[in-house]
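Undergrad: Spelled out from the first residue to the last, the chains are:
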Amino acid sequence: MAEIQEKGGGGKKKGPKKNSTKIDMTPMVDLAFLLLTFFMLTTTFSKPNVMQISMPVPPETEEEQPPLKASNALTVILGPNNKVFYYDGLVREGEALPELITTDYSDKGIRKHLRERNTNPKLFVMIKPLKEARYKNMVDILDEMSITNTGAYALIKDFTPDEKKFIKEKTGIDVVAAGTGAAAPAAAAPTEAPAQ
Amino acid sequence: MPKVKPHRTKPSLDMTPMVDLAFLLVTFFMLTTKFSPEEVVVVDTPTSISEVKQPESDLITISVDKSKRVFIAIDGQNAKRTALEAMRVKYAQPKYSPEQIKDFVLMTSFGMPMNRLGQFLAESSESRKATQQPGIPLDSLDNQLGDWILNARLANPNVKAAIKGDNDADASTMQRIIQALQDKKVNRFYLVTDMENKPI
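Quick note, the sequences are listed as chains A and B, same order.
Just so we're aligned, residue 1 is where the first sequence starts under the working numbering, counting upward by one.
Just so we're aligned, residue 197 is where the second sequence starts under the working numbering, counting upward by one.
Hints are computed from structural coordinates only; laboratory data are not their basis.
Predicted, not measured: the structure shown is a model, and the values here were computed from it.
Heads up, some of the hints might be wrong.
What the hints assert, rightly or not - Some chain A residues flagged as far from chain B (calculated, every beta-carbon gap over 10 angstroms):
| # | residue |
| --- | --- |
| 1 | Pro67 |
| 2 | Lys83 |
| 3 | Leu97 |
| 4 | Lys122 |
| 5 | Val175 |
Said to hold, decoys possible - Keeping only pairs whose Cα atoms sit at most 16 angstroms apart, straight-line, the calculated EDC-like set for lysine to aspartate or glutamate is:
| # | chain 1 | residue 1 | chain 2 | residue 2 |
| --- | --- | --- | --- | --- |
| 6 | B | Lys298 | B | Asp271 |
| 7 | B | Lys380 | B | Glu322 |
| 8 | A | Lys69 | A | Glu93 |
| 9 | A | Lys47 | B | Asp379 |
| 10 | A | Lys157 | B | Asp379 |
| 11 | A | Lys47 | B | Asp390 |
| 12 | A | Lys83 | A | Glu95 |
| 13 | A | Lys47 | B | Glu252 |
| 14 | A | Lys47 | B | Asp364 |
| 15 | A | Lys83 | B | Asp364 |
Every residue, glycine too, gets a C-beta built ideally from N, C-alpha and C.
Required output: the full structure, derived from the provided sequences and hints.
TA: Quick look at the structure:
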């Protein structure tokens with residue numbers, strides 16, 4: 001295959017044979033490009049980005065936490081259908097109820113309010129996903145925190161009974177916090193075809 | 197008028213520089229390539245402005261697809277082997293054969309409850325691909341995900357956790373996973389996201 005091709009036929013010519021020293025490189029080049037294509041297509045260059053999350057370590061003992069001042073508090077509730085509710089201050093019995101505002105994850109929505117509140121360095125944002133919220137909403141709101149440089153925030157599971165009542169009154173949504181109650185049947189009957 | 201002589205020689209092109217370049221690229225790709233692992237689960241991750249890259253190794257990746265199935269992938273073959281053995285003892289499963297263990301170590305991510313894992317590993321790789329994996333249970337009664345996290349951490353203390361969730365996965369499953377991580381004293385973890393441009 002790879003030998004140098006000699007001129008066939010009955011050599012009537014005398015003298016030294018003039019063999020061509022050229023090799024047909026076409027198959028080799030074909031192979032080289034085939035490999036090149038293969039490796040180019042299979043290689044993974046970009047590694048995915050990650051967000052680093054540090055959850056507050058749950059206190060070992062039931063020690064008294066310093067109470068959060070209402071003026072420093074902002075509660076963000078992740079609701080269904082990509083809606084987000086927020087209110088300034090706290091819901092406490094015997095106090096005036098704050099205003100509950102419904103907005104979305106766009107830059108004119110929750111981000112605008114976060115920027116306004118962000119002037120207070122002691123601001124603490126409580127993020128409370130409802131059961132209906134999507135994971136995208138959680139990432140979006142955590143992303144908003146880094147976009148607006150809000151340092152103090154926490155993902156919180158629990159709603160106080162007062163808070164539940166307050167949200168139910170204002171929005172008509174039955175408050176079930178994400179990750180509480182009975183476990184959703186995790187793909188007990190997956191309707192889709194198996195992945196791949 | 198002079199006669200126009202037709203060219204006798206074949207039109208030929210010196211391909212040497214092109215071939216040189218081709219081989220250079222082949223070498224480059226051969227050396228840098230890292231085959232993308234076969235994914236058993238399709239996850240469309242949300243976007244974020246974070247620029248932190250995912251660490252190369254020592255990672256437990258917990259994937260959640262849009263039908264809320266939970267899969268786990270553990271880096272490091274030795275860690276995987278140790279974790280599997282510990283899980284087998286904990287869930288009182290019959291001993292796995294060396295082939296089953298080898299298959300397990302070579303798998304990327306899996307979503308099988310312990311009582312079906314042995315049988316799943318005994319299958320051929322084609323039938324494994326066709327099997328619909330139900331996901332790892334993580335409710336409070338049967339928290340196998342937590343045990344996997346614990347055993348993976350015991351097998352490799354440097355391991356870090358990453359959650360790779362689908363856009364349409366629900367917040368409940370995520371909160372449960374975060375809770376499972378926190379129960380095992382993992383309070384720092386990563387959320388895998390795609391890149392997004394930073395707004396001004």
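Undergrad: So, for every hint listed, does it hold in this structure?
TA: Evaluation of the provided hints:
Non-interface call for A:Pro67 relative to chain B: holds, since the shortest CB-CB distance, roughly 23 angstroms, exceeds 10 angstroms. Every Cβ of chain B is farther than 10 angstroms from the Cβ of A:Lys83; the closest lies at roughly 13 angstroms, confirming the non-interface assignment. A:Leu97, annotated as away from the interface, keeps every beta carbon of chain B farther than 10 angstroms; the closest lies near 25 angstroms. Even its closest Cβ contact with chain B, about 23 angstroms, leaves A:Lys122 beyond 10 angstroms, as expected for a residue assigned away from the interface.
Look at A:Val175: its CB is around 13 angstroms from the nearest CB on chain B, clear of 10 angstroms, so calling it non-interface holds up. The hinted pair formed by B:Lys298 and B:Asp271 meets the criterion: a straight-line CA distance of about 14 angstroms does not exceed 16 angstroms. Only pairs whose Cα atoms come within 16 angstroms are accepted, and B:Lys380 paired with B:Glu322 is rejected, the gap being roughly 35 angstroms. Simply put, A:Lys69 and A:Glu93 have alpha-carbon atoms about 15 angstroms apart, close enough for the 16 angstroms limit, and the pair holds.
Distance check on the hinted pair: A:Lys47 and B:Asp379 sit about 29 angstroms apart at the alpha-carbon level, beyond 16 angstroms; violated. With a C-alpha separation of about 14 angstroms, the suggested pair A:Lys157 and B:Asp379 falls inside the 16 angstroms cut-off, and the hint holds. Taking the CA atoms of A:Lys47 and B:Asp390, the gap is about 9 angstroms. The hint holds against a cut of 16 angstroms. With a CA separation close to 26 angstroms, the supplied pair A:Lys83 and A:Glu95 exceeds the 16 angstroms bound.
Distance check on the hinted pair: A:Lys47 and B:Glu252 sit about 9 angstroms apart at the alpha-carbon level, within 16 angstroms; holds. Of the supplied pair hints, the one linking A:Lys47 and B:Asp364 is violated, its CA atoms being roughly 22 angstroms apart against a limit of 16 angstroms. Distance hint between A:Lys83 and B:Asp364 is fulfilled; the C-alpha atoms sit about 14 angstroms from each other, no more than 16 angstroms.
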